[in-house]
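Following the hints, complete the assembly by docking chain B onto the known chain A.
One-letter residues, chain by chain:
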Amino acid sequence: MRNKFDEQLEKLHVELIQMGAACEDAISAAAEALLKGDTALADAAEEAEKDIDQREREVENLCLKLLLQQQPVARDLREISAALKMISDLERIGDQAADIAELTRYIHLTDGLSRLHIGEMARAVIAMVTDSVDSFVKGDLALARAVRAADDQVDALFEQVKRELIDLIAADAAAGEVGLDILMVAKYLERIGDHATNVAEWVEYSLTGVHPSDD
Amino acid sequence: MTRKIFRSMAAVSLAVLAASLVLIVGVLHGYFQNQVLEELRQKTTYAALGVEQAGMDYLTGDLPRSSRVTWVAADGTVLFDNWEDPAAMANHADRAEIREALLTGKGSSARYSDTLAEKTLYYALRLSDGSVLRVSDTQDTVWLLVLEAVQPVAFVLLAALVLALWLSGRVARQLVAPINAMDLEDPEGEPPYEELAPLLGRIRSQNRQIRRQMQDLRRRQEEFGAITENMSEGLLVIDRETRVLSYNTAALRLLRGAKPQAGESAYALNREMGFRRCVEGALSGQRTEQLLERDGSCRQVIASPVQQDGAVGGAVLVVLDVTEKEQREQLRREFTANVSHELKTPLTSILGTAEILENGLVQPVDIPHFAGNIHREAQRLIGLVNDIIKLSRLDEGDSGGQWETVELHALAENVLAQLGQAAETKQVTLRLEGGKALARGVPQILEEILYNLCDNAVAYNRPGGSVTVTVEESEQGARVAVADTGVGIPPEARERVFERFYRLDKSHSGTGTGLGLSIVKHGAAYLGAKLSLESQVGVGSTFTVEFPKV
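Those protein sequence lines, which keep their order, are chains A and B.
Numbering-wise, our numbering puts 197 at position 197 of the first sequence, and it's gapless, one number per residue.
Numbering-wise, our numbering puts 1450 at position 450 of the second sequence, and it's gapless, one number per residue.
Think of the hints as simulated: they come from the structure by calculation, not from any bench.
Hints may contain errors.
[Said to hold, decoys possible] Only pairs whose alpha carbons sit at most 30 Å apart, straight line, appear in this in silico DSSO-like list of lysine-lysine:
| no. | chain 1 | residue 1 | chain 2 | residue 2 |
| --- | --- | --- | --- | --- |
| 1 | A | Lys36 | A | Lys85 |
| 2 | A | Lys11 | B | Lys1259 |
| 3 | A | Lys138 | B | Lys1426 |
| 4 | B | Lys1325 | A | Lys36 |
| 5 | B | Lys1119 | B | Lys1106 |
| 6 | A | Lys36 | A | Lys50 |
| 7 | A | Lys85 | B | Lys1259 |
Only a predicted model underlies this, so the values are computations on that prediction, with no experimental measurement involved.
This is chain A alone, in the form it adopts within the complex (with noise of 0.2 Å):
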């Protein structure tokens, strides 16, 4: 019996794992659409979506079933009811992603818009998401609290983001429509960036046993 709830739980893990992996290809696949112009690879962001969301209801049932089933008590516990709160966050991870790629379709970055800081908000919002997987993978609790950390640099570039464009629209007029879209982009990376915590809040959570807001 107890062979059977290790094997399921473990079957949770990579399952998990694959979701991750899914998010950051959809939210990779997003920002280089962004970056190099290509709609080939918002296909391909709008098709890791659809993935993501088939494989939340999957982790979903299997997290319901082993609860059932299995009753799980302390660590167990924390680690199933985490990941039905971690998935929660990854489906919204890679929802948002699609509608970044779907927004790329209208952006064409020109030379003036290049200068603005949206590429770099990208790479940080990617390597969060990247490094909340990975502390779940390794169960590393110093990288889950790293990537809070790396939330406030996120917050300030979307700041930072938000003057350019004022700037920008305030220089020339008729980029204001361009401009908007961007402004979606960043706010929409910038929520990416708090799902990311939160996923890392989770891995925290179910590591200790305190989630980090409770402090």
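Just chain B now, kept in the frame of chain A:
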């Protein structure tokens, strides 16, 4: 085993207990009966004496009523009975004891009463007058005896039972304890019971066999590990659930994963999309190949399914570092593109000029000019093709010439003489310094190296500049240095100038093919010479070729 022994012993003791009870009761009962009979005989003897002397008076006197006394006449008529009325009693001649007494003088018998709870014992004696005197007594039956004794017997039984159970348990444990204490991993020494000796011998030999097989397995595992460890290719074996079964350090390095824990999924090592596709593909039974590109390095993953009993039981993944291969492939593609471009430019020029001439659009006076154009472009084309042929020969390692010992000073003189015209046009002074020096090599390649170096030195020079060729011979071998006072090469381009078709002057306006320094590099490598470059932008460059000692 303890339980079995305990049960058997308990059963045996209970059986013994029950049997002895039955025996004792039986023996005691017999003994008691004899006692009673003996007593009865004495009583009868006394009573008979009394009757012989006193007759009926003795009997009617105060005879104790505890025993029944009957006097029977010789014909069986009851004369007296102290319990019942003699007149009402039947003729007793047919009673066993009386019949016996009448015949032999004495007789006895025992009869159960109706209830069976009592047994009546009779003893009869024949008196001198022929009549018979009989005395009887009752005795409890065995069952009654047992029934009366049931309480103490039960108590004794219970005590014996408890004692038997306790002892059986103890003994059983004591018997089994040495068996339990045996070390089956290492059953050396004498067995506690000799009956166990064959079993222990068998275990010993099987232990030895298992140890040998384990050692074999471990050695094979180590051999396999050592072989795979020395592979530069990464090797990863996973099971159906993507758990890592075996890996080598090259795999960890190429996949950039940390050492996996036992039973960890391969996805914990790497979760790049290509890798995941490979794993999924292989586990669904398809051989899958993917390229993983990250941070400028390129790795190829080849995943093959492992078939087990007709189903996919796992997968073997081989990871190769193909960064260099990809780079070479990239260079080859660039070379092809460049060659086509370089060949096309003069041909387009020739085609255009020829068309103009063909259509008669040219004044006869201008014909030599146009023909000269065609001639020059055709020459450039031939030069280019020749250079490409030379390069590809050097690449193949086939120069087509014989190795000879060549005097470099004379060779340099010859080369400079060929370039005299060009130097004059560019107003560049040519100088040759140093003395005789010998080197071994293919004369055509040596000349090619010197020619290309000097040609570049002239071409990239400034008007009024100079080219100095120094030929020296030292302990290490011959050395030729070509120094110019030209434009110089910026540091970031110093590696790239030796690449095919690379030009400092991006406009491609020069007359060269862009292959000169590439030929120098490959030629020097072919001859085993060392090529070095020093340069300062705006001041000039010095190319030095050092040949091994002859």
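Quiz item: Among the hints numbered above, which are violated by the structure, and what are their numbers in rising order?
Solution: 1 and 3
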